[in-house]
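Sequence order for the protein chains is A and B. With this note's numbering applied, the first sequence covers 1 to 447. With this note's numbering applied, the second sequence covers 448 to 767.
What the hints contain is simulated information worked out from the structure, not anything from laboratory work. All figures in this text were calculated on a predicted structure; none of them were measured in a lab. Here a beta-carbon is modelled for each residue, glycine too, at the ideal position from N, C-alpha and C. Heads up, a few of these hints could be off.
Stated by the list, open to error - Non-contacting residues of chain B with respect to chain A, defined by C-beta distances greater than 12 Å in every case (computed):
no.: 1; residue: 483
no.: 2; residue: 521
no.: 3; residue: 620
no.: 4; residue: 623
no.: 5; residue: 727
no.: 6; residue: 737
no.: 7; residue: 752
Claimed, not checked - One-sided and incomplete, this derived list gives chain A residues near chain B with beta-carbon spacing under 8 Å:
no.: 8; residue: 174
no.: 9; residue: 178
no.: 10; residue: 213
no.: 11; residue: 216
no.: 12; residue: 274
no.: 13; residue: 278
Residue-level listing of the chains:
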Amino acid sequence: MKKIAFYLISILVIMSMILAACNKEEATPEPTQEVVAPVATEEPMEPETGAIDCKGAQAGDVITMFYQWSGAEEERLNQILQPLIDACGVVIQPESSRDQALLDTRVQAGTPPDIAFFNVTQLEQYQEFLVPMTDLGVNDANYPDYWREIGTVGGDWLGLPVKADPKTLIWYSPVVFEAFGYTIPTTWDELDALVEQMVADGNVPWSMGLESGDATGWTGSDFIQDILLVTQGPDYVMGLIDGTIPYDDPGVREAYEIYGAWAADPAYTVGGAQGTLETGFLDAIYLVFQDPPQAMMVKQSGFAGGEVAAQFPELQYGTDYDFFGVPGAQGLQGGSDWMMAFTSTPAVQALVAYLSSDAGGQAWAAAGFDLTPNTAGLSAYTDPALLNKAEILAGTSGFTPDIGDSIPGGFGSAEWTAIISFLGGGDLDAALAAAAAVQTEALIPTP
Amino acid sequence: MAQGPTPQIMRQGRLAPWMYLAPAILVMGFFIVYPMFTTIYLSFQNKDGTQAASTTCVEGRPCWGVFENYRYALTAELDPSSLQSIWQTFWLSSYGNTIKWILLMVTGTVSVGLLFAVLAERTKYETLAKSIIFMPMAISFVGAGVIWGFVYNYGAGVEQVGLLNAIITGLGFEPVAFISTRGINTIALIVVGIWIWSGFCMTVLAAALKSVPEEILEAARVDGAGEWKVFLSVMVPIIMPTITVVVTTMVINVLKLFDIVYVMTGGNYDTEVIANRMYTEMYINFNTGRGTAVAVILVILIIPFIYMNIRRFLEQEAMR
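Please work from the sequences and hints to get the whole structure.
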């Protein structure tokens, strides 16, 4: 009797395991992954002969390179560099690793690569080892002033911005907008009016879900940073990052209140405060594009397009889903990659000159490797979503990194905690003061 | 038992016991003692272990010198403006929540475990019933957290995907945001813990119940004791040592509890517990000093219960 029961149970357990295995949901995608845009590999770039200045580099000259990209990303970089290799015969010796410590060790040991592609913070970290872009024959006409300012440390322009991925975007459904007669707002006031119009029509304007496991809150901090870019501008955001402006400043408080007025009200966002707190950030995207839509807009980075495409394969980019830049934003927020040079060999000079040239910018844009800050690239995007983003980038006058990511020592999670506690009905002043304390503490220079 | 002088060959030198112990001491020393001392040392250092913790003090703020990380670990979550606010914030802090967990989860698991142990023994399908109760033990905490995350899911939209909220709305009530509503959420998480661990308590207690001599129970029944009386006055006292062991083991388990909170709320919405806070300081804020200080406090809190468990064990050994 006992034996039979035991067998029954083991069978039950095994069956349930099999069932569970079959039912496996697809893994949650990384929020940072970008939509893989179609790459026109069959049509290699045709550089205009003579457009590439080799700066006296000889065939066989080696450029050692360190970057974080691998796989499809690395292939795109290779595609971008191919014209230079073809024209000058330089040899690229790449090393791909996401381990910044490896680069640190290399630099400290005095054996840095010729070229490193990394984040903007590395410019300051390695400033004494870097060769200014202006000594390497950079074509500065292709870069707006704000990019040069971000890359300038101690008076020298030390890094070339090569790749940018802005996330100051609002996703919406053009079909739905058309059905209700909504137009894309171009100023913050128009956005505000549109939101009120939607509420008057009985539509819920926003889907704001910010649940994301132990990173819950990041969609909220992105939204608040975008509001700050509208109300205060990029210099203010940079002030928060370097600590000259405390996080409990009235400007930040105002941004929280603007955000909270929407995010905590069930008339303005799906589910009100509880809905914002408990809806997963991916579900928040889906709510806007499901049929019938439960909200009109979702503020989310570029990856949202890929999520919509995966969840609703029948929807078409451009007609069923599209995005516009946060209206009235005086700058964008997002990630950027920077090229820095540790040597000034002719081959390195040729590389800097090439990537900052019209041909280099166009090659970058054509490869569809996110956006290039090089203004010459604008004409060369083939992917419509990238082109839309590039136009938003072209129209802006500032670029800021994520505040939370840029301040070390747990400020990111302190920021999220402040948002969660504020939405949960906690005292805003206390929440901001707590985050400001972490900000101050994190920015005390370590002796 | 030994009689007469021990033959020379049986005698052990002073070194021999140490030789036997050496492998264990080496392994324990390397994997337990050394990390423990390093942890204690790091808890008096700054965030990357390069300088003493006292250097992280900020002018004009309270500072406990080398115990600065402990000041942070013990007081950072409290609002010191008044006694009342300290009391209120304490019960939402990681320490207050851990106390809630201990009180509710230990009583919950032990009483549910005991109940099922007693009841299952009286059914025909004892093995089957026990297996079903025990099954959650086979699920990892992370898995259980994900499963219950769906059960508690609060749909912002029209449809309620979460089982509980589907039932609640089906009955015509408003859905409840279990995870983000203070007061409900910690209890909701404790229910998950009870669901997982009841099976363990049941198994151990059922084994103890089996060892209760049938004659004593018979005698009690013959003397006219009802089933309740038999249970409370005969069974429970006899298995009391086992109950104590189960309780202390559960307390240790709960103090170390991390996974459920990490998976289901990430410590947000005032559901932080000590072990999760340790992780947050260490691997999210990258503050080694504070993380290890929380770890040391956790160890200090666990030690009394380990001591009780060991004493119990030694007493039992002595009785044999």
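Here is how each hint holds up against the structure:
Annotated as non-interface, residue 483 of chain B keeps its C-beta farther than 12 Å from every C-beta of chain A; the closest such distance is 25 Å. Every Cβ of chain A is farther than 12 Å from the Cβ of residue 521 of chain B; the closest lies at roughly 16 Å, confirming the non-interface assignment. Distance check for residue 620 of chain B against chain A: the nearest CB is about 15 Å away, which clears 12 Å, and the non-interface claim stands. Distance to chain A contradicts residue 623 of chain B as a non-interface residue, since its nearest Cβ pair spans about 9 Å, not more than 12 Å.
Interface exclusion of residue 727 of chain B from chain A breaks down, the closest Cβ pair being 7 Å apart, not more than 12 Å. Listed as outside the interface, residue 737 of chain B is inconsistent with that label: its C-beta sits roughly 9 Å from the nearest C-beta of chain A, within the 12 Å cut-off. Annotated as non-interface, residue 752 of chain B keeps its C-beta farther than 12 Å from every C-beta of chain A; the closest such distance is 28 Å. Annotation: residue 174 of chain A was flagged as interfacial toward chain B, and the flag is violated, the nearest CB pair being 22 Å apart, outside 8 Å.
Interface restraint check for residue 178 of chain A: the shortest CB-CB distance to chain B comes to about 23 Å, outside 8 Å, so the restraint is violated. This hint holds: residue 213 of chain A has a C-beta 6 Å from the nearest C-beta of chain B, less than the 8 Å allowed. Because the closest C-beta pair between residue 216 of chain A and chain B is about 5 Å apart, less than 8 Å, the hint holds. Using the Cβ-Cβ criterion of 8 Å, the hint placing residue 274 of chain A at the interface with chain B is satisfied: the shortest such distance is roughly 4 Å.
About 4 Å separates the beta-carbon of residue 278 of chain A from the nearest beta-carbon of chain B, less than 8 Å, and the hint is met.
This entry does not satisfy hints 4, 5, 6, 8, 9, going by the numbered hints stated previously.
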